[in-house]
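Got chain A; can you put chain B with the ligand on it based on the hints?
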Amino acid sequence: MKILVCISKTPDTTAKIAFTDNNTKYDANGVQWIINPYDEWYALVRAIELKEADASHAIHLISVGNADAEPILRKALALGGDEAIRVNIDSDDAYVIATQIATVVKDGGYDLILTGKETIDHNGSSLGGMVAEMLDLPYISLATKLEMDGSVAKATREIDGGQELDEVATPVVISAQKGMAEARIPNMRGIMAARTKPLKVVEPAACEALTATVSFEMPPAKAGVKLVAPDQVEELVRLLREEAKIV
Amino acid sequence: MILIYADNINGTIKKSSLEVITYGVAIGKQLGTEAQAIVVGAVNSDLSELGKYGVSTVHQLTGPDTFDAQAFSKLIADKATELDASVVVFSHSLMGKALAARVSVRLKAGLVTGAVALPDTTSGFVVKKSVFSGKAFANIRIQTPVKVISLNPNAYTVAVGEGEANVMATPVSIQPAVKVISNSKSSGDRTLTESEIVVSAGRGMKGPENWGMIEELADVLQAGLACSRPVADAHWRPHHEHVGQTGVAIAPNLYIAIGISGAIQHLAGVNRSKVIVVINKDPEAPFFKAADYGIVGDAFEVVPKLTAALKAGA
Ligand SMILES: Cc1cc2nc3c(=O)[nH]c(=O)nc-3n(C[C@H](O)[C@H](O)[C@H](O)COP(=O)(O)OP(=O)(O)OC[C@H]3O[C@@H](n4cnc5c(N)ncnc54)[C@H](O)[C@@H]3O)c2cc1C
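Residue numbers (my numbering), protein chains in the order written: chain A, 0 to 246; chain B, 46 to 359.
Only chain A is shown next, with the shape it has when bound in the complex (with noise of 0.2 Å):
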């Protein structure tokens, strides 16, 4: 089985938020990048899991992005993908890097597209549907558990509620969250040997952006906490009734 996991690059979880040219464009002066948890601890994880249980598989990563992406998915080969690709292309809108994908997909004969749930910067929670669409394939989406039995996958999605067990025969895009696998380090052998793994570069097919990014705007600081000696609860109910009317 041929295994997609797409990979996309995203600040570090501590990274501080701000913008420049007139709150136009995300600062990264001085961010450290990472692999989108989503993407790594449960989509490729998982497919590495799959790879252990039957060497057969192969790994494929994708990433949409500028060479500044290099990095990351040398981590991703480190942690146990088998080959890279890189679109060459920088865009923040879904249609463009779905479009990336899904003509990658259909040239590769992907049977399983694994993808996070969303990305920790964008959080638009789109992509793995937007691919499904676009080569009209099944789509299971916020996956928490994946297993493959031949060409179906069983996978335990989460509803209103509730899990659903669901399966479907490949090709299949699966977007994954926790529950799927547990993170993982990349050890010294995993990086040796990805300094080796192919990561090709493929130019990107035409598309045009259909949403752009106008500005970004912080949310309005808070007025600052007002406190509530331990044995006042009773006051803090009436704050919560009558100042902030909530309860």
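In short, the hints are calculated from the structure, not lab data.
One or more of the hints may lead you astray.
In silico contact screen, one side only, chain A against chain B (beta carbon under 7 Å); selected entries [claimed, not checked]: (1) T13; (2) W32; (3) P36; (4) G123; (5) G128; (6) M129; (7) G178; (8) E181; (9) V224; (10) K225; (11) V227; (12) E233; (13) A243.
Dumping the calculated SDA-like pairs for lysine to any residue here, alpha-carbon to alpha-carbon at most 25 Å [to be verified]: (14) K244(A) with L163(B); (15) K244(A) with A353(B); (16) K153(A) with P36(A); (17) K224(B) with Q162(A); (18) K350(B) with N298(B); (19) K15(A) with K74(A); (20) K119(B) with T102(A); (21) K1(A) with M191(A); (22) K24(A) with F182(B); (23) K225(A) with A308(B); (24) K199(A) with Q31(A); (25) K60(B) with D91(B); (26) K124(B) with M133(A); (27) K230(B) with L139(B); (28) K244(A) with G206(B); (29) K350(B) with V224(A); (30) K224(B) with L134(A); (31) K224(B) with G108(A); (32) K334(B) with A208(A); (33) K334(B) with K74(A); (34) K50(A) with K153(A); (35) K74(A) with G29(A); (36) K153(B) with D91(A); (37) K334(B) with K50(A); (38) K153(A) with D53(A); (39) K153(B) with N184(B); (40) K144(A) with V225(B).
This structure is a prediction, so every number in the text was calculated from the model and none was measured.
Note that the Cβ used here is the ideal one computed from N, Cα and C, for glycine as well.
Chain B with the ligand alone, transformed into the frame defined by chain A:
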């Protein structure tokens, strides 16, 4: 016209669907066009009542009894095309997320997911959404004639008025590629993202055996339950309660954080909450900086007292 997809769970129209209907109707008023709703599957309430939230017509596609994103997307996109919809809105719920992405591709319409406010239509069509896991907002321009938006739960207040919608039921049949083998509901859980009040606890609770007082507080407030990541990682609580940057992002009206330090990754998922109450024994806990109200004290003493005070006043 504006087409609004109203989610239902086992036949019940969800609160987030009423939010999205109110929102879609408001967009319609802004653009001077009418708003209609679409519902897929059987529901156990009278759909003409959705008129109270401002839609003139409800298109009900009867037949499908289980949700299937691939099949439902086709139905919704076809209806949008038939009605010449200029904006299609969804809730950014578990189901809505999957549908909005697929429908946007079918309609080749620009998509903004997780919207938090009405679009700015003074020049073009710009939608504000939450980004960087709640640490910031982005204003995104949709450049296509048809637009697709998914609205964050709890971001827009439901408005009820008078009115009766015209219900047009059409039978349809679907052939889902995905087979649902089984499903299980965790007992009595309120969907976290839709809870107006959330009670959340962290490592300060020392162990899973101490969650009784957290559950009691949540019960009095009819609140959803959440926890910090280490709590879910240690299996003290189920994964779906883990909130934060790598868990569920929520924006309730009230978030009560008990024995949680307020790490940046935790705050990221909860700082869109309208009011935050922090109970922590450490006055230096970073969470107090993000809080509206706070009690510096031992949770084991404060929480039962708070529950009692809420019960007494009710
Ligand atoms: C990449 C990455 C992603 C992450 N994602 C998330 C995420 O999504 N969500 C998340 O929550 N974390 C996340 N974390 C972890 C985060 O950094 C913190 O470690 C975590 O939030 C701490 O959880 P806590 O507040 O429960 O525990 P602690 O930090 O141990 O805090 C416990 C608190 O309880 C208080 N306390 C102790 N006893 C009592 C008592 N008797 N009464 C009252 N208060 C008491 C203490 O003063 C302390 O403030 C992430 C970390 C990384 C590196």
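Hints and how they fare:
1. Evaluation of the T13(A) hint against chain B yields a held restraint, the C-beta minimum of about 5 Å falling below 7 Å.
2. Look at W32(A): its Cβ only gets to about 14 Å from chain B, farther than 7 Å, so that hint breaks.
3. Because the beta carbon of P36(A) sits about 5 Å from the nearest beta carbon in chain B, less than 7 Å, this interface hint is met.
4. Among the interface hints, the one on G123(A) holds; its C-beta lies about 5 Å from the nearest C-beta in chain B, closer than the 7 Å criterion.
5. With 7 Å as the threshold, the beta carbon of G128(A) comes within range of chain B, its nearest partner Cβ sitting at about 3 Å, so the hint holds.
6. Nearest Cβ of chain B to the Cβ of M129(A): about 5 Å, under the 7 Å cut. The hint holds.
7. Annotation: interface hint on G178(A) holds; nearest CB of chain B at approximately 5 Å, less than 7 Å.
8. Because the closest C-beta pair between E181(A) and chain B is about 9 Å apart, greater than 7 Å, the hint is violated.
9. At about 4 Å, the closest approach between the beta carbon of V224(A) and any beta carbon in chain B falls short of 7 Å, and the interface hint on this residue holds.
10. Look at K225(A): its Cβ gets to within about 5 Å of chain B, closer than 7 Å, so that hint holds up.
11. Taking 7 Å as the C-beta cut-off, the interface hint given for V227(A) holds, the closest approach to chain B being about 5 Å.
12. For E233(A), the suggested interface contact is upheld, since its CB lies about 5 Å from the closest CB of chain B, less than 7 Å.
13. Annotation: A243(A) was flagged as interfacial toward chain B, and the flag holds, the nearest CB pair being 5 Å apart, inside 7 Å.
14. Taking the CA atoms of K244(A) and L163(B), the gap is about 24 Å. The hint holds against a cut of 25 Å.
15. Distance hint between K244(A) and A353(B) is fulfilled; the C-alpha atoms sit about 19 Å from each other, no more than 25 Å.
16. For the suggested pair K153(A) and P36(A), the alpha carbons sit about 23 Å apart, so the restraint of at most 25 Å is met.
17. Of the pairs offered as hints, the one joining K224(B) and Q162(A) holds, with about 14 Å between alpha carbons and a cut-off of 25 Å not exceeded.
18. For the hint linking K350(B) to N298(B), the alpha-carbon distance of about 22 Å falls within 25 Å, and the restraint holds.
19. Between K15(A) and K74(A) the CA atoms are separated by roughly 23 Å; this keeps the pair inside 25 Å, and the hint holds.
20. Proposed proximity of K119(B) and T102(A) is supported: the alpha carbons are some 21 Å apart, at most 25 Å.
21. At most 25 Å may separate the alpha-carbon atoms for a hinted pair to count; K1(A) and M191(A) meet this at roughly 24 Å.
22. Pair hint K24(A) plus F182(B) holds up; C-alpha atoms about 12 Å apart against a cutoff of 25 Å.
23. Only pairs whose Cα atoms come within 25 Å are accepted, and K225(A) paired with A308(B) is accepted, the gap being roughly 20 Å.
24. Taken as a hint, the K199(A) and Q31(A) pair is honoured in the structure, with Cα atoms around 23 Å apart against an allowance of 25 Å.
25. About 15 Å separates the Cα atoms of K60(B) and D91(B), which keeps this hinted pair within 25 Å; it holds.
26. The suggested pairing of K124(B) with M133(A) holds, with an alpha-carbon distance near 19 Å, which does not exceed 25 Å.
27. Between K230(B) and L139(B) the CA atoms are separated by roughly 15 Å; this keeps the pair inside 25 Å, and the hint holds.
28. Of the pairs offered as hints, the one joining K244(A) and G206(B) holds, with about 22 Å between alpha carbons and a cut-off of 25 Å not exceeded.
29. For the suggested pair K350(B) and V224(A), the alpha carbons sit about 21 Å apart, so the restraint of at most 25 Å is met.
30. With a CA separation close to 19 Å, the supplied pair K224(B) and L134(A) stays within the 25 Å bound.
31. At most 25 Å may separate the alpha-carbon atoms for a hinted pair to count; K224(B) and G108(A) meet this at roughly 23 Å.
32. A distance of roughly 39 Å separates the Cα atoms of K334(B) and A208(A); the hinted pair therefore is violated under the 25 Å criterion.
33. About 35 Å separates the Cα atoms of K334(B) and K74(A), which puts this hinted pair outside 25 Å; it is violated.
34. For the hint linking K50(A) to K153(A), the alpha-carbon distance of about 16 Å falls within 25 Å, and the restraint holds.
35. Restraint check for K74(A) and G29(A): satisfied, since their Cα atoms lie roughly 19 Å apart, inside the 25 Å limit.
36. Between K153(B) and D91(A) the alpha-carbon distance is near 17 Å, which keeps this suggested pair within the 25 Å criterion.
37. Annotation: proposed proximity of K334(B) to K50(A) is violated, straight-line Cα distance about 46 Å (limit 25 Å).
38. Distance hint between K153(A) and D53(A) is fulfilled; the C-alpha atoms sit about 16 Å from each other, no more than 25 Å.
39. For the hint linking K153(B) to N184(B), the alpha-carbon distance of about 20 Å falls within 25 Å, and the restraint holds.
40. Taking the CA atoms of K144(A) and V225(B), the gap is near 14 Å; set against the 25 Å cutoff, the hint holds.
Violated hints for the displayed structure, listed by number in ascending order: 2, 8, 32, 33, 37.
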